[in-house]
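Chemist: Sequence:
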Amino acid sequence: MKFSSTVVLRSILLLSWGAGLRAQEILPPSQAVKLADLLVEAEHNSPQIQAARRGWQAAEQMPSQVSTLPDPQFVLQQLSVGSPRPFAGYTNSDFAYVGLGFSQDIPYPGKLRLRGEVAKKDADVSQQQYESIRRAVLTELKTTYFQLAYLSKRRAVLEGDRQLLRQVEEAAHARYRSGMGNQQEIIQVQLQETKLLREVTENELEREKAQAELKQLLNRPQSSPNVETVELSETTATYTYDQLLSAAKTNNPEIAGAQKVVEKQGLQVDLAKKDFYPDFNLQYLWQRTDPTQFRAYYMLTFGVRVPVYRKRKQQPELAQAEADQSRARSEYEMKTQHIAFELRQRYLDAEKSEELLKIYREGLLPQARAEVQAGLAAYQSNRLDFQALLNSFLDVLKLDEEYWQTLSQHETAFSQIEGITGLSLR
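In this text, residue positions in the sequence shown follow this note's numbering: the first is 2, and each later residue adds one.
Please keep in mind that the hints were generated in silico from the structure rather than gathered at the bench.
Misleading hints may appear alongside valid ones.
Here are the in silico distance ranges between beta carbons for each label pair [as the list claims (entries may be wrong)]:
id	residue 1	residue 2	range
1	202	425	23 to 29 Å
2	283	425	36 to 42 Å
3	281	339	45 to 51 Å
4	368	388	29 to 35 Å
5	225	49	14 to 20 Å
6	49	242	27 to 33 Å
7	67	225	42 to 48 Å
Here are the computed lysine-lysine pairs in the DSS-like style, where the Cα-Cα straight-line distance is at most 25 Å [unchecked claim]:
id	residue 1	residue 2
8	353	399
9	35	216
10	196	210
11	275	265
12	399	154
13	274	216
14	112	312
15	154	353
16	265	336
17	154	359
18	275	112
19	154	216
20	154	35
21	112	314
22	312	275
23	265	112
24	275	314
25	112	274
26	154	196
27	35	210
28	274	314
29	250	265
30	336	250
Glycine included, each C-beta is placed from N, C-alpha and C at the ideal position.
Input sequences plus hints: build the corresponding full structure.
Modeler: If you want it as structure tokens, here you go:
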């Protein structure tokens, strides 16, 4: 009676597993999409990248605005004599007149140029911020793609390990029928098969989460077809850390943006010094009375705006600009150190995972599989206990998953290095 219950359990398990496989077969086959194609799509469709690009384009419109003279002011004057009525006294008094004129504010020489250069540095900073956001989105896309590729491979690994487990189960049944085994061994195999089914279910849930994140990065509807990835392959390092660091110092947008801020603050100091000098105003007025009796008047006025409150305005402005300049230099040094640290961490991750992959390929995986095959033959000839055989199978399962996860981490580390340095390493 006990054995019949295990048969029922096994039947339910096979039905559940088979239903999952049939569901996958019902879905229309999808062609694997290369990472490079998705990167191009994300760069064109990502709202985050598009918003950053628009911000940069908007900032580029500022330099010409702030470096142009203030708009001139045009005036119309009319002076009456002897009565509030318009044009009263116009024909009999040389004080009554109609006047036309304009005035123009003129900043001290060099101020407009400096304001334009400050705005240009702001635009340069916006450009580097756009590049930083673009790289961050593409790096996140690569990370998600490699995670999805790992989960897809893990599903195949679990199915392959299930076939290996079936061999163990058949050997356990054969020993049970011959009287050398016991029912507990069969139940243990079925328990392990149930655990594999649980891992397949969890793996599918993680794949769906990765698919949702990938579609969000690509700005695709969540109801769109899932993305199929190509199989992971190992990228070989071709640069030393010093070469990568040199590229990061040259190409990293965060470092470049911090340097632009330093340059901008230097211009702000120069502009604050210019504010100690006066600005000017030029006015010109034409006045006309009765042309039959009086001649026209012409008036030119030149005004100077003198900065008399220097201690309360210009000196604090200069002190603020110099403090901001010092802060910008410190932030530039901090950003440079942080990028060097991040690059070192990712480089070590890539090196470590590369060494581990070699150990897995050349040692652990073939040894573990050989151990299972040898253990299976020994178990069938009653020279090995079942627990030792099951442990060797679990080793294969664990090492298979670890290998592909390490490969995913290796490719992710290279993606992050690409984001930091701006180099293409694939």
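Chemist: Evaluate each hint against the coordinates.
Modeler: Hint check results:
1. 202 / 425: 23 to 29 Å: 38 Å Cβ-Cβ, so the 23 to 29 Å window is violated.
2. 283 / 425: 36 to 42 Å: This hint is violated: roughly 57 Å between Cβ atoms.
3. 281 / 339: 45 to 51 Å: With Cβ atoms ~47 Å apart, the hint holds.
4. 368 / 388: 29 to 35 Å: Since residue 368 and residue 388 have Cβ atoms about 19 Å apart, the given range 29 to 35 Å is violated.
5. 225 / 49: 14 to 20 Å: 19 Å, holds
6. 49 / 242: 27 to 33 Å: 30 Å, holds
7. 67 / 225: 42 to 48 Å: Holds, since residue 67 and residue 225 (Cβ atoms, about 45 Å apart) stay within the stated range.
8. 353 / 399: Judged against 25 Å, a Cα distance of about 19 Å means the pair holds.
9. 35 / 216: Holds, at roughly 15 Å.
10. 196 / 210: 21 Å, holds
11. 275 / 265: 15 Å, holds
12. 399 / 154: 14 Å, holds
13. 274 / 216: Status violated; Cα separation ~52 Å.
14. 112 / 312: Holds, because 20 Å separates the two Cα atoms, which is no more than 25 Å.
15. 154 / 353: Holds, because 22 Å separates the two Cα atoms, which is no more than 25 Å.
16. 265 / 336: The hint holds at about 17 Å.
17. 154 / 359: 18 Å, holds
18. 275 / 112: With Cα atoms ~6 Å apart, residue 275 and residue 112 stay inside 25 Å; holds.
19. 154 / 216: 20 Å, holds
20. 154 / 35: 16 Å, holds
21. 112 / 314: This hinted pair holds, its Cα atoms lying about 17 Å apart.
22. 312 / 275: 15 Å, holds
23. 265 / 112: Roughly 14 Å separates the two Cα atoms, so the pair holds.
24. 275 / 314: 13 Å, holds
25. 112 / 274: Distance ~10 Å between residue 112 and residue 274 Cα, so the pair holds.
26. 154 / 196: 18 Å, holds
27. 35 / 210: Holds. Residue 35 to residue 210 sits at ~20 Å (cutoff 25 Å).
28. 274 / 314: 12 Å, holds
29. 250 / 265: 19 Å, holds
30. 336 / 250: Distance of about 10 Å is within 25 Å: holds.
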